[in-house]
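Participant: Residue numbers (full-length UniProt numbering): 1 to 150.
Hints may contain errors.
What the hints assert, rightly or not - Distance condition first, Cα-Cα at most 27 Å in a straight line; then the derived DSS-like pairs of lysine-lysine: (1) K143 x K72; (2) K143 x K114; (3) K76 x K114; (4) K114 x K138; (5) K143 x K54; (6) K72 x K54; (7) K114 x K139; (8) K139 x K129; (9) K47 x K72; (10) K72 x K114; (11) K76 x K141; (12) K141 x K54.
Hints in this document: simulated from the structure, not taken from any laboratory.
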Amino acid sequence: AVCRSNPTPCKDPTDKLFTVHGLWPSNLNGPHPENCTNATVNAHRIKNIQAQLKIIWPNVLDRTNHVGFWNKQWIKHGSCGNPPIMNDTHYFQTVINMYITQKQNVSEILSRAKIEPLGIQRPLVHIDKAIRNSINNKKPKFKCKKNAGV
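Construct all of the structure, not just a fragment, from the sequences and the given hints.
Facilitator: Structure (structure tokens):
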């Protein structure tokens, strides 16, 4: 979806899987907080988890600069998660845990429901139901964007 809707085209073919778009702290009484600190990612600290992050949370617009992309995500969103997010490593490990350990891998969830990323439209109600069935009937948040000419 990012590759199809962004004015800057993706440099590489898209993978046939759904990846993480972001992890944002929420504010129940207002807009999502942003840019709470300008502390950058410590690339050395996240070195051991970069291989996993490249698969589940890649920079689809520039696959040569994943760390720069993750740094922007950390500064804009992750830095606002304290508490309970303690630091950049904890932020990225939380994404990995949600995707793998807590079974919030959307590709896997939708695949079990026979919904594959094949470029065909699906009713939102089917996607919603598949996700709810896998995450204890919690309501997923969807953000749909219509593309001109697509």
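Participant: Hint by hint, note whether the structure agrees.
Facilitator: Evaluated hints:
For a cut-off of 27 Å, the pair hint linking K143 to K72 stands: about 21 Å separates their Cα positions. Simply put, K143 and K114 have alpha-carbon atoms about 21 Å apart, close enough for the 27 Å limit, and the pair holds. Between the alpha carbons of K76 and K114 the distance comes to roughly 35 Å, so the proposed pair goes past 27 Å and is violated. Restraint check for K114 and K138: the C-alpha separation of about 20 Å stays at or below 27 Å, so the hint holds.
Of the supplied pair hints, the one linking K143 and K54 holds, its CA atoms being roughly 23 Å apart against a limit of 27 Å. Of the supplied pair hints, the one linking K72 and K54 holds, its CA atoms being roughly 15 Å apart against a limit of 27 Å. Of the pairs offered as hints, the one joining K114 and K139 holds, with about 20 Å between alpha carbons and a cut-off of 27 Å not exceeded. At most 27 Å may separate the alpha-carbon atoms for a hinted pair to count; K139 and K129 meet this at roughly 9 Å.
Taking the CA atoms of K47 and K72, the gap is about 17 Å. The hint holds against a cut of 27 Å. Taking the CA atoms of K72 and K114, the gap is about 34 Å. The hint is violated against a cut of 27 Å. For the proposed pair K76 and K141, the alpha carbon gap of about 19 Å is at most 27 Å, so the pair holds. At roughly 23 Å between alpha-carbon atoms, K141 and K54 fall within 27 Å of each other, so this suggested pair holds.
Consistency with the previously given hints fails for numbers 3, 10, ordered from lowest to highest.
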